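Generate the whole structure from the sequences, applying the supplied hints.
Just so you know, the protein sequences line up as chains A, B and C, in that order. Read in order, the letters of the first sequence correspond to residues 1 to 333 in this note's numbering. Read in order, the letters of the second sequence correspond to residues 1 to 320 in this note's numbering. Read in order, the letters of the third sequence correspond to residues 1 to 334 in this note's numbering.
Read the hints as simulated data drawn from the structure, not as lab findings.
Just the calculated beta-carbon pair ranges, DEER-fashion: (1) C:E157 to B:L77: 41 to 49 Å; (2) A:G163 to C:T139: 28 to 36 Å; (3) C:G265 to B:L85: 22 to 30 Å; (4) B:G148 to C:G242: 18 to 26 Å.
Source: prediction; values computed, not measured. All C-beta atoms, glycine included, are put in the ideal place defined by N, C-alpha and C.
Read off the chains here:
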Amino acid sequence: MDKTVHADNSSRKGWFLNSPWLRHESLLLLILVLEWLYFNSVGPRFGTLENTYDILRHSSEIGLLALALTPVILTGGIDLSVGSLLGLCAILFGKLWRDAHLPVWEAAAAALGFGAAGGAVNAWFITKLRLPPLIVTLGTLSLFRGLAEAVTHGVDTFTGFPGSFLALGQGQIFGLPAQLPLLFVGAVVIWLMVHSTVLGRSWRAIGFAAEGARYAGIPVGRRVALVYVLAGIISGLAAVIYTARLGQAKADAGTGYELFAITAVVLGGTSIFGGIGSVHGTLLGVAAIAVLSNGLVHARQPREVAGMLTGALLLIALAASVLAKNLANNRRR
Amino acid sequence: MNAHVREISVALALGLILLALAIFADSFYQPQPLLSLVTGQAPALIVTCGVALVMIARQIDISIGSQMAVCSVCTGLLAAANWPLGLVLIAAIGLGALLGAINGLFVAVLRLPSIVVTLATMVTWREALRWQRQGAFVNLPDGLQWFGMSQTHGQLTIVISALVVLFLLGLSTRHLAAGRFIYAVGSDVEAARLAGIRPQLVTFLVFVGMGALTGLAATLHIVQSPQVDPNSGTGLELKAIAAAVVGGVAISGGRGNLWAVFLGFLLLACVSPALIHLHIEAYWERAIAGAIILAAILADGLEKQTARFSHPRTPSVANG
Amino acid sequence: MKLITTLLLLTAVLFAGCNRSSEMGTGAPSSQKKITIALLPKSKGNAYFISCKKGAERAAKELEVDLLFDGPTDPDPAKQNEIVENWIALGVDAIAAACENQEGISTALRKARSKGIKVITYDSDAAPDARAFFVNQATPEGIGFALMDEAARQMGEEGEFAIITASLTAANMNQWQKYIEARRSDRYPRIKMVALRPCDDLKDRAQAEATALLSANPNLKLIMAICSPAVPGAAEAVKQAGKTGQVEVIGLGLPSENRRYVKEGVTQTVILWKTEDLGYLTVYAAQALARGTLNPADHAFKAGMLGEFQIQGDNILLGKPFLFNKTNIDQFDF
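Dropping the structure here:
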């Protein structure tokens with residue numbers, strides 16, 4: 001970096017506040033470590049490998065949704081329909097397998113396709129009609145869940161999947177939970193897309209200023225449409241893993257997941273206005289919430305406390321971030 | 001003509017449903033049940049007006065369901081402790097305003113995004129209430145139902161109160177300077193600031209007002225039955241925001257009027273009773289509501305497209 | 001790059017720190033260690049399960065066991081699995097679960113059994129191979145038939161009735177509806193069910209639905225509310241519509257929430273069972289299973305102060321559904 005431009009950085013007072021140590025992700029990492037240390041001391045079974053696998057297994061679907069939402073929120077958009085889309089894909093998957101007698105892995109691939117279709121619906125409203133993502137996905141949130149209920153009449157449940165399929169959600173590969181490789185691959189792919197490709201850079205640019213990006217020659221419509229379709233595909237994948245973990249598919253699958261996913265993304269430092277954010281921040285956010293929720297069980301606390309603390313954590317983390325930034329800005333002046 | 005397209009189309013859709021009911025299920029129009037139905041919806045209408053104002057100010061509030069639950073339970077507990085009705089009402093509005101102020105603090109002062117702040121407060125209030133109540137109903141004292149009046153008088157009072165609130169809010173957003181400030185802040189914050197308006201203050205007060213309205217709605221709600229369910233208000237935010245959207249309020253702020261929101265509210269509110277009277281299966285309800293919302297959104301988008309083609313350089317006009 | 005290195009280092013440190021594998025098995029507890037029993041309701045804020053918990057706590061005090069009570073606080077159907085898996089990691093001795101999703105939770109319960117944790121179910125059963133016993137207060141068949149029989153009795157075996165349920169996806173209520181319908185078509189062909197509406201487990205929504213049902217179906221004779229907040233909701237609707245006595249209300253609910261309506265004659269019958277006894281019996285059974293004093297071949301089981309209970313196969317029977325009405329409702333305070 002050009003030392004003359006950043007001459008102020010070398011002064012003592014400015015150094016700490018402007019350094020990478022005070023970045024949002026670092027703070028979150030600190031919180032995560034503190035959580036871990038605390039729960040380790042309070043709950044004897046908390047730090048075991050087995051419990052860690054549990055945490056991973058329980059957070060894999062929400063983790064995937066949070067990963068899917070990161071590019072969406074980076075572009076300045078939002079997608080409230082991912083949870084409902086998960087439910088719709090889950091029952092369509094079940095229906096294809098049970099009623100249309102498709103082999104289970106083909107039906108799973110089809111579920112991804114349905115997810116893409118759902119994402120495409122969102123994408124169309126948002127890019128072609130230029131409608132606000134919050135409102136569009138609020139509508140598709142109801143629509144997808146409603147379709148899932150209409151198809152199953154609310155009542156129908158799909159169970160009895162073959163063992164080889166259930167192993168995806170419940171079994172192990174080399175001693176690790178079976179979902180882990182998928183989660184890992186998903187995280188790496190999304191990380192690369194966001195941080196290392198021109199695509200990711202264009203998403204950030206669109207999030208900062210869509211009109212500016214357009215004038216810079218970025219095909220804004222296509223890039224934005226891609227994030228929603230991508231979110232849809234990942235919802236479909238999460239639906240398959242969810243069904244495998246539970247052993248059944250019902251119309252109410254994934255209820256409320258979108259809010260957890262958004263909380264994780266925002267906690268991880270991605271700005272809801274777009275342009276700023278990181279995939280590793282999202283992963284840290286998911287980890288912080290999952291560890292908190294799991295740890296409180298080991299600390300023998302009622303479940304409601306986890307919800308309250310998560311809400312409080314979100315507010316405090318955001319407020320701290322803003323205050324730190326303001327302090328840094330003031331110092332720089 | 002353009003300015004009233006939304007009102008007309010929603011009114012048309014509403015008219016169609018009412019017509020269908022008149023032809024196929026005129027049992028809908030019996031006065032007593034209809035009054036009961038409308039009374040039940042009155043608190044939600046008040047909340048919807050509040051959320052419409054929040055959205056016009058370019059913010060959003062998804063914690064209103066939890067606020068409603070907290071206010072209902074606390075109000076019920078105060079009433080059960082034999083506080084006089086007037087004090088109970090004031091306490092309810094005050095509590096709601098306090099909850100709204102907390103949202104307003106984070107959004108207006110700390111400049112945090114309202115969707116995240118209200119998401120956090122929604123979860124926090126709801127879980128705290130669950131922890132405290134453990135699902136138990138609150139039993140209200142006998143004289144509280146219908147404010148101690150007869151059922152019909154009480155119901156009429158509640159309905160008229162809601163309509164008065166709607167009327168007052170509608171008039172003040174059109175004619176009072178303070179009301180126009182909300183539109184100004186929602187359209188363009190910088191321009192508003194340059195015009196001498198204090199956007200932070202306006203935003204803060206909008207959230208406080210939202211909370212106060214929720215408190216009022218909670219009081220009107222608890223006098224309708226002798227017990228308070230601590231789970232009441234679940235799903236209220238979605239309902240209210242959807243009604244505002246159908247009524248033409250733009251999430252990008254600065255646009256929308258409360259009369260259209262009222263029509264949108266009526267449209268969505270009659271889906272459920274219409275299905276019951278027309279003997280249509282219940283599992284269609286959510287899909288139909290979602291379709292109405294998407295249709296409204298579609299109409300918004302098409303309107304934008306045609307506006308762009310026919311008046312390429314006309315800036316968007318703030319409606320209402 | 002600095003951040004990534006820090007992350008990797010920390011992960012390594014943490015993993016090194018958590019190499020304590022689960023040393024003690026969760027099988028037969030030593031006689032000095034206190035037994036931990038984990039009680040899982042269908043949902044945590046539900047007054048019905050709170051009253052089960054009261055009985056359970058009483059039993060836990062008598063038996064000197066640790067009682068963990070935790071349940072889902074949101075409608076996520078996967079939450080019960082997560083809670084059970086948390087308890088497996090925690091190393092509890094026995095789990096007693098009221099199952100929301102029969103197939104879904106069986107997955108987690110089987111896993112618990114494979115780790116040596118004793119599993120019983122109460123209120124709503126899981127798959128038979130996922131638990132040792134089911135503390136059965138009433139089979140879905142028993143509940144469905146009792147509801148339909150009582151409805152028929154109130155309606156004079158003919159006419160129209162409507163059902164208000166919690167949601168269209170609630171597994172246990174769907175089961176009850178199945179048996180209600182089976183009983184109706186079998187024994188009461190002159191009775192017709194005209195509507196089935198969900199109330200999202202909200203009393204006020206049930207009131208609104210009932211109001212609309214009353215005006216849409218002028219010949220309606222009875223409303224059957226099978227989710228507990230819906231019973232007072234429907235009763236209030238009938239009262240406000242001025243149809244007390246004209247339209248009967250019955251349902252599955254708590255006496256305390258319905259007492260005023262039963263006394264006023266709006267609600268005729270509330271069907272339930274002694275929920276505290278259910279909790280009490282469940283904890284006793286779980287403890288006996290953990291201690292090894294309850295075995296699959298047993299025919300009867302003695303539970304503390306409640307006395308002996310019959311065991312039919314792998315079902316421990318609490319008894320039949322109890323009908324609360326004007327004459328006896330004051331005797332109960334839950």
